[in-house]
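> Position chain B against the provided structure of chain A, taking the given hints into account.
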Amino acid sequence: MNYPDEQSLINGAKSYDLSVLGMIYDRYSPLLYRYAMRLLGDDTMAEDCVAETFSRFLKSLQAGQGPKDHLQAYLFRIAHNLITDAYRKQAPLSLELHDSLPDDDRMHPENQTDALLQKHQIHLALKSLTPDQRLVVSLRFLEGWNHEEISAVIKKPVGAVRALQLRALNKLRDLLLMDKKENSYGSR
Amino acid sequence: MDLDDKRFEQIINELDLLKIDTDRDPLKAQKGRRIFLQEAESLKKTVTKRESLRHKGWIQEIQSMLFVPRKERSPMVTTISTILLVISMILGGGGITVAAAQNSLPDEPLYNLKLLSEDVRLWASTDPFVQSKLALDFASRRAEEINKMLNQASVPSDAVQMRYNREIDQAIRSALKLDNEQAILELFQIRNQVETQLESMQQSRAKETSEMTPIMEQTRVMLRQYLSLLDNGLTNPDQLRDQLRLQDQDQLREQDQDQLRERDRDRDQTGTDVPTIVVSPETTAVQNQAGLPTEISTQSNGNGSGGGSGNCLNCTSTPNSQNKNGPNIETTQMPTMGNGQNNNWMNTATPYSGNTLQQPNYQNNNPAQDNSSGQSGSGSSGKSNGKH
Chain A
1 MNYPDEQSLI
11 NGAKSYDLSV
21 LGMIYDRYSP
31 LLYRYAMRLL
41 GDDTMAEDCV
51 AETFSRFLKS
61 LQAGQGPKDH
71 LQAYLFRIAH
81 NLITDAYRKQ
91 APLSLELHDS
101 LPDDDRMHPE
111 NQTDALLQKH
121 QIHLALKSLT
131 PDQRLVVSLR
141 FLEGWNHEEI
151 SAVIKKPVGA
161 VRALQLRALN
171 KLRDLLLMDK
181 KENSYGSR
Chain B
1001 MDLDDKRFEQ
1011 IINELDLLKI
1021 DTDRDPLKAQ
1031 KGRRIFLQEA
1041 ESLKKTVTKR
1051 ESLRHKGWIQ
1061 EIQSMLFVPR
1071 KERSPMVTTI
1081 STILLVISMI
1091 LGGGGITVAA
1101 AQNSLPDEPL
1111 YNLKLLSEDV
1121 RLWASTDPFV
1131 QSKLALDFAS
1141 RRAEEINKML
1151 NQASVPSDAV
1161 QMRYNREIDQ
1171 AIRSALKLDN
1181 EQAILELFQI
1191 RNQVETQLES
1201 MQQSRAKETS
1211 EMTPIMEQTR
1221 VMLRQYLSLL
1231 DNGLTNPDQL
1241 RDQLRLQDQD
1251 QLREQDQDQL
1261 RERDRDRDQT
1271 GTDVPTIVVS
1281 PETTAVQNQA
1291 GLPTEISTQS
1301 NGNGSGGGSG
1311 NCLNCTSTPN
1321 SQNKNGPNIE
1331 TTQMPTMGNG
1341 QNNNWMNTAT
1351 PYSGNTLQQP
1361 NYQNNNPAQD
1371 NSSGQSGSGS
1381 SGKSNGKH
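In order, the protein sequences belong to chains A and B.
Counting in my numbering, the first sequence runs from 1 upward without gaps.
Counting in my numbering, the second sequence runs from 1001 upward without gaps.
Source of the hints: derived by calculation from the structure; they are not laboratory data.
Incorrect hints may appear among the rest.
Distance ranges between label pairs, derived from CB positions [as the list claims (entries may be wrong)]:
1. B/1090 / A/7: 45 to 51 Å
2. B/1038 / A/88: 42 to 48 Å
3. B/1094 / A/90: 53 to 59 Å
4. A/64 / B/1109: 48 to 54 Å
5. B/1088 / A/43: 53 to 59 Å
6. B/1022 / A/166: 26 to 32 Å
Note that the Cβ used here is the ideal one computed from N, Cα and C, for glycine as well.
For reference, chain A alone in the conformation it holds in the complex (with noise of 0.2 Å):
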């Protein structure tokens, strides 16, 4: 499907224009959930947060404000709020708690894939960094995103972009392997 620009998207949806607006959430929609499932792991919770990411921008047009360009990054801003704020509220868990996690069956390493072990560490992994960190690894390395269009999402220049994916990986690195580490001397 072909969708108009950017900018004309905007501008369609400040005056409320409903085919502009169906248009809006058929394009963004989908690399919302994707990106909220990625990070959230949850179905239910990756739909709330897309609803109420698109409810916050209707809202914000009402106000007279929402985006003035970078439209995709300004959504994507929304619903990055929207996760972090949802991790806030989880439980706080530590990598250094591992081993004591509840012990339901789809944790239990009976019933878990290695595959699905290492994913929920990397999600506690990614958990640990700071919002902005967590924002730019995971567009840059499971959106795809190149550094400019992430530099529009947390207005920050393309250097402090970089700055925060080093900071970022470095810490995943020590998050990651030192729990590889444990697992080792424990399976020893």
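Then chain B, alone, in the frame of chain A:
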């Protein structure tokens, strides 16, 4: 992937594990879309108004304020309400300050504000009845202030006493503007209050220090004279009105004479001829015959009974040697006319002295001066000694 990314290849590969393409439930996606568009439609309705309801110019702005309620918030109304809010805060703040000043004493910073607020209230009232009440109320405040200052062992200033005097004067004058029946009632109330205040000041005599005594004594004398005056007014308000009128005329005449004297002095100093107007006894006599009785006609000899013989109830005026045709009127009690008896006031403004506040020379007991003024025909009630 740039160079930095290569150092973290392992980590980035692990992140790829999150790149799952979970199929989104199409029903949920459709439902989400529908909800979004419904919400957009509802917001669209509230934002877009009918053409007739939109603010499009200043005429519509005014109409919206007066007649047609609009859904949009008018910027003009916001501006006006802001201005009104600021004004009300300023006035409210001023009002609070004035209210706070009402209990201040003469030696406190807000006292002048208190006096100013009283002046404004008095000035704003046009009804003599209200004026009289207000002036009496303010006089009562002055009395309270004087008593409070006595209790605090501080000396009341001359200014407070003069204001006290002026306010009683104002209360009496305003009361006399009413018809006789009402005037008597008002004068009666004023008398009661003055009497109460005098008693209070007499009782507080024990608290007075030597520094306070002169001014307090002056105040008491002033109040006694007011009592005497009010007694006369209660008996015959018309007579009191006449007295006041004459005293006002007397005061004006004195001012004229002062101007003349000053002009003469200037002429003597500069040696130039300045045209002068001499007020002759005849002129005065003519005025007297015109229906202005009392002391003006009788005092020009300076040694007469003195029209201003305030406490002389039985004396009669001596016929004016230069105005034998003038009416020979029996003088009545003029309580504060600056006669010899009352001139022991030390520079204190006397009520109804003809120069209530400007009388310069209350301690002038020298008959020689009265003679000279009598000879020049410029004697006044306030300056005659009223010797018998």
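> Evaluate each hint against the coordinates.
So, going through the hints one by one against the coordinates:
1. B/1090 / A/7: 45 to 51 Å: holds (49 Å)
2. B/1038 / A/88: 42 to 48 Å: violated (30 Å)
3. B/1094 / A/90: 53 to 59 Å: holds (57 Å)
4. A/64 / B/1109: 48 to 54 Å: holds (50 Å)
5. B/1088 / A/43: 53 to 59 Å: holds (57 Å)
6. B/1022 / A/166: 26 to 32 Å: Given a distance of about 30 Å, which is inside 26 to 32 Å, the answer is holds.
Hint 2 from the earlier list is the only one contradicted by this structure; the remaining hints agree with it.
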